[in-house]
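In order, the protein sequences belong to chains P and Y. Per our numbering, residue 1 is the first one in the first sequence, and the count goes up by one each step. Per our numbering, residue 253 is the first one in the second sequence, and the count goes up by one each step.
Hints listed in this document are in silico derivations from the structure and should not be mistaken for laboratory results. Quick caveat: nothing in here was measured; it's all calculated off a predicted structure. A few of these clues could be false.
[Said to hold, decoys possible] Just so you have them, the derived chain Y footprint on chain P, three or more residues with Cβ under 8 Å:
#, segment
1, 4–12
2, 22–32
3, 39–51
4, 131–140
[Claimed, not checked] Have a look at the derived ranges for each label pair, beta carbon to beta carbon:
#, chain 1, residue 1, chain 2, residue 2, range
5, P, S220, Y, D298, 22 to 28 Å
6, Y, I282, P, Y235, 17 to 23 Å
7, Y, E300, P, D226, 42 to 48 Å
8, P, F156, Y, R289, 39 to 45 Å
9, P, G218, Y, I282, 18 to 24 Å
[Unchecked claim] Straight-line C-alpha distance at most 20 Å; calculated SDA-like pairs for lysine to any residue:
#, chain 1, residue 1, chain 2, residue 2
10, P, K244, P, D226
11, P, K13, Y, A254
12, P, K222, Y, V296
13, Y, K277, P, I40
14, P, K222, Y, Y291
15, P, K14, Y, A254
16, P, K202, P, V4
17, Y, K278, P, F5
18, Y, K278, P, S220
19, P, K13, Y, R255
20, P, K244, P, P181
21, Y, K301, P, R43
22, Y, K301, Y, F286
23, P, K13, Y, N287
24, P, K222, Y, S288
25, P, K188, Y, R262
26, Y, K301, P, K202
27, P, K14, Y, F286
28, P, K14, Y, C305
29, P, K6, P, E33
30, Y, K301, Y, S288
31, P, K13, Y, K278
32, P, K6, Y, T272
33, P, K14, P, R71
34, Y, K301, P, S220
35, P, K6, Y, E322
36, P, K6, Y, V296
37, Y, K278, P, V243
38, P, K6, Y, R321
39, Y, K278, P, Q201
40, P, K222, Y, A254
The beta-carbon is built from N, C-alpha and C at its ideal position, and this holds for glycine as well.
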Amino acid sequence: MEVVFKRPRTLLKKPFTYCPGCHHGLAQRLIAEVIDELNIADRTIGVGPIGCSVYIYEFIDVDFVVGAHGRAPAIATGIKRALPDCVVFSYQGDGDIAAIGTSEIIHVANRGELITAFFVNNAVFGMTGGQMAPTTLVGQKTKTTPFGRNPEVHGFPFRLGECLSVAEGSAYIARVALTRPQFIRQAKECIRKAFLAQIEQKGFALVEILSPCPTNWGMSPKEAVDWLEQHMIPYFPLGELKVKECLSRETS
Amino acid sequence: MARARVIIDREFCKGCALCTYACPKKILVISSDFNSRGYYPVTVQDVEKCIGCGFCAQVCPDVAITVYRE
Chain P
1 MEVVFKRPRT
11 LLKKPFTYCP
21 GCHHGLAQRL
31 IAEVIDELNI
41 ADRTIGVGPI
51 GCSVYIYEFI
61 DVDFVVGAHG
71 RAPAIATGIK
81 RALPDCVVFS
91 YQGDGDIAAI
101 GTSEIIHVAN
111 RGELITAFFV
121 NNAVFGMTGG
131 QMAPTTLVGQ
141 KTKTTPFGRN
151 PEVHGFPFRL
161 GECLSVAEGS
171 AYIARVALTR
181 PQFIRQAKEC
191 IRKAFLAQIE
201 QKGFALVEIL
211 SPCPTNWGMS
221 PKEAVDWLEQ
231 HMIPYFPLGE
241 LKVKECLSRE
251 TS
Chain Y
253 MARARVIIDR
263 EFCKGCALCT
273 YACPKKILVI
283 SSDFNSRGYY
293 PVTVQDVEKC
303 IGCGFCAQVC
313 PDVAITVYRE
């Protein structure tokens, strides 16, 4: 029998430490698969953030740097400028990239730094216990919004992908979800294009990955996936938000 | 002889059960005994019905599933 699906080589063989049903594992598997297929594992450097996403350094077998809260894009910029032959990516959650690190990511996108950013959006601060994040939906109950997010008090959910897609320096911005097999295939293609935008020196690339947080949403994994499809996808529409130039499938 | 086979790593599985909803043949079930980390892992009920589509492995957040097909 031939193997149809197996663990990618770059993903270390140990169990994920994330909660059951968390899509961090899926996102990291897709990144590892793309790194394998592009054969760039030996020259890839990842930058971790603060939050649940930081544990990526435990699981993907490439070099890693962990930055201060929100500063991963700035550190990635420094690494990329010092080592231009390396492929540099950052991997951040919404509490990191869209809250404390908003200025870093906006200016990195505007300067068109040749880095690839991954943004895992689960609409809450996960590691600290489920407080309201900038991406929390209107009416969504969190630890700090027990009566639901009220736009008059807390403002509106922040669409980072759309915000960065108007920056001149960004080359590829996409938003994906990982709730169904077809979405997962599309997500992998978007992650490949985001790496290719950097390798082909087109500009800054970002992939926003919608992810459930069953623990902090107070739902079972299946309920969380359904809630994501019913409530998050209408507000955060999926698709490629910006494709600057035609990105080839093959590395040159 | 089964056309396809899925192997679930009991120690990697956390029993989130997302694969049981993704399986078109509904042959994946939560087992009644727990693994060393205290989770109830998923097990294959009727391997003869497996068509090797790989949906379970695609949606598995813990990359606990390997799929083989003829």
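Hints, verified against the model:
1. Using a Cβ-Cβ cut-off of 8 Å, 5 residues of the segment 4–12 of chain P lie near chain Y, which meets the minimum of three, so the contact claim holds.
2. Coverage of the segment 22–32 of chain P by chain Y holds in this model, with 6 residues showing a Cβ closer than 8 Å to a Cβ of that chain against a need of three.
3. Proximity of the segment 39–51 of chain P to chain Y, defined as three or more residues with a beta carbon under 8 Å from a beta carbon of that chain, is not established by the 0 residues found.
4. Figure legend: the segment 131–140 of chain P, annotated as covered by chain Y; annotation inconsistent (0 residues with Cβ-Cβ distances under 8 Å, at least 3 required).
5. Checked against the hint of 22 to 28 Å, the C-beta distance between P/S220 and Y/D298 comes to roughly 24 Å, which is consistent with it.
6. Here the CB-CB span from Y/I282 to P/Y235 is close to 32 Å, at odds with the stated 17 to 23 Å.
7. The hinted window of 42 to 48 Å between Y/E300 and P/D226 is violated, with their beta carbons roughly 30 Å apart.
8. In this structure, P/F156 and Y/R289 meet the distance hint of 39 to 45 Å, their C-beta atoms being roughly 40 Å apart.
9. Between P/G218 and Y/I282 the C-beta distance comes to about 20 Å, which sits within the given range of 18 to 24 Å.
10. Proximity of P/K244 to P/D226 is assessed by CA-CA distance (about 33 Å); at most 20 Å being required, the pair is judged violated.
11. About 28 Å separates the Cα atoms of P/K13 and Y/A254, which puts this hinted pair outside 20 Å; it is violated.
12. Proposed proximity of P/K222 and Y/V296 is supported: the alpha carbons are some 19 Å apart, at most 20 Å.
13. A hinted pair counts as satisfied when its Cα atoms are at most 20 Å apart, and Y/K277 with P/I40 does not qualify at roughly 37 Å.
14. For a cut-off of 20 Å, the pair hint linking P/K222 to Y/Y291 stands: about 16 Å separates their Cα positions.
15. With a C-alpha separation of about 29 Å, the suggested pair P/K14 and Y/A254 falls outside the 20 Å cut-off, and the hint is violated.
16. At roughly 33 Å between alpha-carbon atoms, P/K202 and P/V4 are farther apart than 20 Å, so this suggested pair is violated.
17. Of the pairs offered as hints, the one joining Y/K278 and P/F5 holds, with about 19 Å between alpha carbons and a cut-off of 20 Å not exceeded.
18. Our distance criterion of 20 Å between C-alpha atoms is met by Y/K278 and P/S220, whose separation comes to about 19 Å.
19. Proposed proximity of P/K13 and Y/R255 is contradicted: the alpha carbons are some 27 Å apart, above 20 Å.
20. Of the pairs offered as hints, the one joining P/K244 and P/P181 is violated, with about 27 Å between alpha carbons and a cut-off of 20 Å exceeded.
21. The hinted pair formed by Y/K301 and P/R43 fails the criterion: a straight-line CA distance of about 43 Å is larger than 20 Å.
22. A C-alpha spacing of about 25 Å is found between Y/K301 and Y/F286, which places the hinted pair above 20 Å, so the restraint is violated.
23. Using a Cα cut-off of 20 Å, the hinted pair P/K13 and Y/N287 holds, with the two alpha carbons roughly 17 Å apart.
24. The hinted pair formed by P/K222 and Y/S288 fails the criterion: a straight-line CA distance of about 24 Å is larger than 20 Å.
25. Simply put, P/K188 and Y/R262 have alpha-carbon atoms about 26 Å apart, too far for the 20 Å limit, and the pair is violated.
26. For the suggested pair Y/K301 and P/K202, the alpha carbons sit about 47 Å apart, so the restraint of at most 20 Å is broken.
27. Between P/K14 and Y/F286, the direct Cα distance comes to roughly 18 Å. Compliance with the 20 Å bound is thereby established for this hinted pair.
28. Using a Cα cut-off of 20 Å, the hinted pair P/K14 and Y/C305 is violated, with the two alpha carbons roughly 25 Å apart.
29. Proximity of P/K6 to P/E33 is assessed by CA-CA distance (about 10 Å); at most 20 Å being required, the pair is judged to hold.
30. Pair hint Y/K301 plus Y/S288 does not hold up; C-alpha atoms about 29 Å apart against a cutoff of 20 Å.
31. A distance of roughly 27 Å separates the Cα atoms of P/K13 and Y/K278; the hinted pair therefore is violated under the 20 Å criterion.
32. Note on P/K6 and Y/T272: the hinted pairing holds, with a Cα-Cα distance of about 18 Å set against a maximum of 20 Å.
33. For the proposed pair P/K14 and P/R71, the alpha carbon gap of about 28 Å is over 20 Å, so the pair is violated.
34. Between Y/K301 and P/S220, the direct Cα distance comes to roughly 27 Å. Violation of the 20 Å bound is thereby established for this hinted pair.
35. For the given pair, P/K6 sits about 15 Å from Y/E322 by alpha-carbon distance, which is consistent with the 20 Å threshold.
36. Of the pairs offered as hints, the one joining P/K6 and Y/V296 holds, with about 17 Å between alpha carbons and a cut-off of 20 Å not exceeded.
37. Of the pairs offered as hints, the one joining Y/K278 and P/V243 is violated, with about 39 Å between alpha carbons and a cut-off of 20 Å exceeded.
38. Simply put, P/K6 and Y/R321 have alpha-carbon atoms about 12 Å apart, close enough for the 20 Å limit, and the pair holds.
39. For the suggested pair Y/K278 and P/Q201, the alpha carbons sit about 46 Å apart, so the restraint of at most 20 Å is broken.
40. Of the pairs offered as hints, the one joining P/K222 and Y/A254 is violated, with about 29 Å between alpha carbons and a cut-off of 20 Å exceeded.
In this structure, the earlier hints numbered 3, 4, 6, 7, 10, 11, 13, 15, 16, 19, 20, 21, 22, 24, 25, 26, 28, 30, 31, 33, 34, 37, 39, 40 are contradicted, and the remaining ones agree with it.
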